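S.K.: Top line first, the protein sequences correspond to chains S and F. Converting from the first sequence to my numbering requires adding 67 to each position, the first position being numbered 1. Converting from the second sequence to my numbering requires adding 67 to each position, the first position being numbered 1.
It should be emphasised that the hints constitute simulated quantities derived from the structure, not laboratory data. These numbers come from a predicted model, not from an experiment. Just so you know, even glycine gets a beta-carbon here, dropped at the ideal spot from N, CA and C. Check before you lean on any hint, since a few could be wrong.
[As the list claims (entries may be wrong)] Computed Cβ-Cβ distance ranges for the label pairs, DEER-style: (1) E186(F) / D396(S): 31 to 37 Å; (2) E186(S) / D409(F): 22 to 28 Å; (3) R381(F) / E175(S): 45 to 51 Å; (4) E260(S) / T80(F): 35 to 41 Å; (5) A376(F) / S95(S): 37 to 43 Å; (6) E363(S) / E186(F): 31 to 37 Å; (7) Q328(S) / Q155(F): 56 to 62 Å; (8) P180(S) / I177(F): 34 to 40 Å; (9) A391(S) / E186(F): 26 to 32 Å.
Take a look at the letters that make up each chain.
2 protein chains.
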Amino acid sequence: MVEDISAQLDLETYVHQRLRRAKIASRSLATLSTDVKNMALAQMAQALWDAREAILTANREDVVAAQRAGQPAARIDRLLLTEDRIHQMMAGLRQVAELADPVGDRLEVIEHPNGMRMEKVRVPMGVVAMIYESRPNVTVDAAALCLKTGNAAVLRGGREAKSSNVAIVRALHQGLSECGIPSDAIQLIERVERDSVDWIIQAVGLVDLVIPRGGAGLIERVVRNARVPVIETGVGNCHVYVDAFADLAKARAIITNAKTQRPSVCNAAETLLVHQAVADAWLPDIVPALMDLGVEIRGCERARDILSAAGVERIRMADEADWATEYLDLILAVKVVDDLEDAIDHIRRYGTLHSEVIVTEDAVAAENFLSRVDAAVVYHNASSRFTDGFEFGFGAEIGISTQKLHARGPMGLREMTSYKYIVRGDGQVRG
Amino acid sequence: MVEDISAQLDLETYVHQRLRRAKIASRSLATLSTDVKNMALAQMAQALWDAREAILTANREDVVAAQRAGQPAARIDRLLLTEDRIHQMMAGLRQVAELADPVGDRLEVIEHPNGMRMEKVRVPMGVVAMIYESRPNVTVDAAALCLKTGNAAVLRGGREAKSSNVAIVRALHQGLSECGIPSDAIQLIERVERDSVDWIIQAVGLVDLVIPRGGAGLIERVVRNARVPVIETGVGNCHVYVDAFADLAKARAIITNAKTQRPSVCNAAETLLVHQAVADAWLPDIVPALMDLGVEIRGCERARDILSAAGVERIRMADEADWATEYLDLILAVKVVDDLEDAIDHIRRYGTLHSEVIVTEDAVAAENFLSRVDAAVVYHNASSRFTDGFEFGFGAEIGISTQKLHARGPMGLREMTSYKYIVRGDGQVRG
Chain S
68 MVEDISAQLD
78 LETYVHQRLR
88 RAKIASRSLA
98 TLSTDVKNMA
108 LAQMAQALWD
118 AREAILTANR
128 EDVVAAQRAG
138 QPAARIDRLL
148 LTEDRIHQMM
158 AGLRQVAELA
168 DPVGDRLEVI
178 EHPNGMRMEK
188 VRVPMGVVAM
198 IYESRPNVTV
208 DAAALCLKTG
218 NAAVLRGGRE
228 AKSSNVAIVR
238 ALHQGLSECG
248 IPSDAIQLIE
258 RVERDSVDWI
268 IQAVGLVDLV
278 IPRGGAGLIE
288 RVVRNARVPV
298 IETGVGNCHV
308 YVDAFADLAK
318 ARAIITNAKT
328 QRPSVCNAAE
338 TLLVHQAVAD
348 AWLPDIVPAL
358 MDLGVEIRGC
368 ERARDILSAA
378 GVERIRMADE
388 ADWATEYLDL
398 ILAVKVVDDL
408 EDAIDHIRRY
418 GTLHSEVIVT
428 EDAVAAENFL
438 SRVDAAVVYH
448 NASSRFTDGF
458 EFGFGAEIGI
468 STQKLHARGP
478 MGLREMTSYK
488 YIVRGDGQVR
498 G
Chain F
68 MVEDISAQLD
78 LETYVHQRLR
88 RAKIASRSLA
98 TLSTDVKNMA
108 LAQMAQALWD
118 AREAILTANR
128 EDVVAAQRAG
138 QPAARIDRLL
148 LTEDRIHQMM
158 AGLRQVAELA
168 DPVGDRLEVI
178 EHPNGMRMEK
188 VRVPMGVVAM
198 IYESRPNVTV
208 DAAALCLKTG
218 NAAVLRGGRE
228 AKSSNVAIVR
238 ALHQGLSECG
248 IPSDAIQLIE
258 RVERDSVDWI
268 IQAVGLVDLV
278 IPRGGAGLIE
288 RVVRNARVPV
298 IETGVGNCHV
308 YVDAFADLAK
318 ARAIITNAKT
328 QRPSVCNAAE
338 TLLVHQAVAD
348 AWLPDIVPAL
358 MDLGVEIRGC
368 ERARDILSAA
378 GVERIRMADE
388 ADWATEYLDL
398 ILAVKVVDDL
408 EDAIDHIRRY
418 GTLHSEVIVT
428 EDAVAAENFL
438 SRVDAAVVYH
448 NASSRFTDGF
458 EFGFGAEIGI
468 STQKLHARGP
478 MGLREMTSYK
488 YIVRGDGQVR
498 G
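Could you build all of it, start to finish, from the sequences and the hints given here?
M.R.: See the structure below:
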């Protein structure tokens, strides 16, 4: 038991040391010029390429270990690096270099009647910690977006990707050092014990923002235990509501895209809500079409009755858990609703404030839905799959916020900054 | 023991019931027109006046109880209501009615190349919970700012003000009902057991934002235990740094104002940092002047030596705790620093990211300080006392944020809103 406690203390010391170094580095990052940051991004890209052999060797270790541990193929694919994927990482770094630097933007100027000039100016957050899972490309993305916004990055990647991440960050440090930027600006937490997450998210005063990226379990754990500010990301139990006055061709294209184009991501649709006025005619058409694309359907009683009457059998009954589940898979829950009100009620009960869609040609119903549904992005006649920083023109994305504080929906560079007020006076005092 | 547990469960049920009602009310508040909200604010003012006798009677109960409990005079004064103070509350409500309504503001329009129109629109947070201490006027302020921004308000005031708050909220409900707004829009948590705070701040899905207002202990407790988003407010360990090239007349006016004009508030100065080049000449001048105004001085060794050599004796030695304390009282810590760098280091170690001041005629030193000191508001040649929503022209203030997420510094109406993206398409799907 004594040994356990001492190992615990060691981990705390290790993490806090890394965070303190990040904090100190963040001070010089905050005032770096855009040119220097862009040069560093270019050098980081070059350094990745120069280190490609070491990175691929390290990645092979991770992949072999994951295979031995019997990880599913999809997970191993997420972990796998190739020369081509290193090229993509490099392209990502160069793309971030091309984006406008938000730091220093003057957001507002207030002239006080007493002559003081008050400016609201965009500044970095300070230290941004990312807690994420297996993809090693997140390491590069997060480091790039933090550097561009003048933040120190604390990266706590998944255990499976540890060797890859160590090799990648070594290369990134090389790139930084060629521009005279302290390598402490990018901290990889190499000790991937479960508790190292807790030491990060409870380090009040050392961490300015935590962004968890990963499954619902990881996010829930971070939100539950964090004592520093967190942006909750990603859980998307998204709905497509097909209204009585829907153009059913659009409805078909949208639900097909939202469900099947990339089912494993947070902006994919999980539940189809169909107005009763169109359910009889449309469900026997769309459901077999989706099933042909490999989608498993779980239906409410009314949906099953309609489908059964039309000869579509063996539809599993959806239960309470189905309405609440983000499948991230080729499974779709289907519910017949009485009307728009019923659809909104369902979304309020089960939605995760991510992306919600109405398909209708009725402008009044559309505006009703758009104004009353509380979600980061609400769509009229378009697929939920567009909830994405690149689609929104941000040129980058650090995650998709499902909370309302600070940033909502896709987060790009601006969302990784704060602001401060700079007040210039001439001796003014308050009366 | 069984009884204790059941009392606990009861409290949870009570709080959750109130929160759920607030959540439901928040949905209709979100789409109220500005006119209706303004009418309700006017009716609330009138209702306060109509209920003044009941409010003053209830307040007398609270005041008598506080006196019996031996509360200090300052605290009783904060609790006390008079007809004049009710007038001030009414004026506050009418002032909020006159402010622009931020809800519905279009913050940005993005045209997607595929023809979708994406609008970023300001929306209410939903349910905003305020946790505060003795002043009953906060009840009226918070209710008004929440209503104007379309948020449901959950008000958890201090135990000492319970009767006053009950009487005030009854009047506010009267005002709401005259405009057809559900009284659930303003929820007073009447059970003021300590644990009711925890049930509020852990109600994920029912509370969108918690703003604690009060002493450091209250804020620390909320931040430590919250599982819903919090804006940390108010702790201000603010510094005035008097540089080698300061105009000492300005320095004198500024430190006098920042320390003595209203010492009990978060934007008052707590530590004076003096460059060694001016310390010998200036400290023997400013310190006795401040002492004449009733300020107790706690000095570093160098400051005490300088003062003692000039015949100013009996200055208490400042210790580590003094540098870290927000006195909120007529006490000032004084430190001689080597240079600007030393001043910035001190502020980094002990500051609370609230308001920091440099007094200098050296433009380079000023810009250095303004850009490198990390605080909500940084001042050049002006008093820290200006960190205030009204001084910033917001026309209202719900608190002063000392964190970097969402809102920083004074928070007005806009800071009580979030945004969502509304996307209008014509059947677009992602390729």
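S.K.: Please go over all the hints and tell whether each is borne out by the structure.
M.R.: Status of each hint after checking the structure:
1. E186(F) / D396(S): 31 to 37 Å: Holds - the Cβ-Cβ distance for E186(F) and D396(S), about 32 Å, lies within 31 to 37 Å.
2. E186(S) / D409(F): 22 to 28 Å: Once the Cβ atoms are compared, 26 Å apart, the range 22 to 28 Å for D409(F) and E186(S) holds.
3. R381(F) / E175(S): 45 to 51 Å: At roughly 48 Å between Cβ atoms, E175(S) and R381(F) fall inside 45 to 51 Å, so the hint holds.
4. E260(S) / T80(F): 35 to 41 Å: Distance hint for E260(S), T80(F) holds at roughly 39 Å.
5. A376(F) / S95(S): 37 to 43 Å: holds (39 Å)
6. E363(S) / E186(F): 31 to 37 Å: holds (36 Å)
7. Q328(S) / Q155(F): 56 to 62 Å: Taking Cβ atoms as reference, Q328(S) and Q155(F) lie about 59 Å apart, which means the hint holds.
8. P180(S) / I177(F): 34 to 40 Å: The hint (34 to 40 Å, Cβ to Cβ) holds, given that P180(S) and I177(F) are roughly 37 Å apart.
9. A391(S) / E186(F): 26 to 32 Å: Distance hint for A391(S), E186(F) holds at roughly 30 Å.
Consistency note: the structure conflicts with none of the earlier hints.
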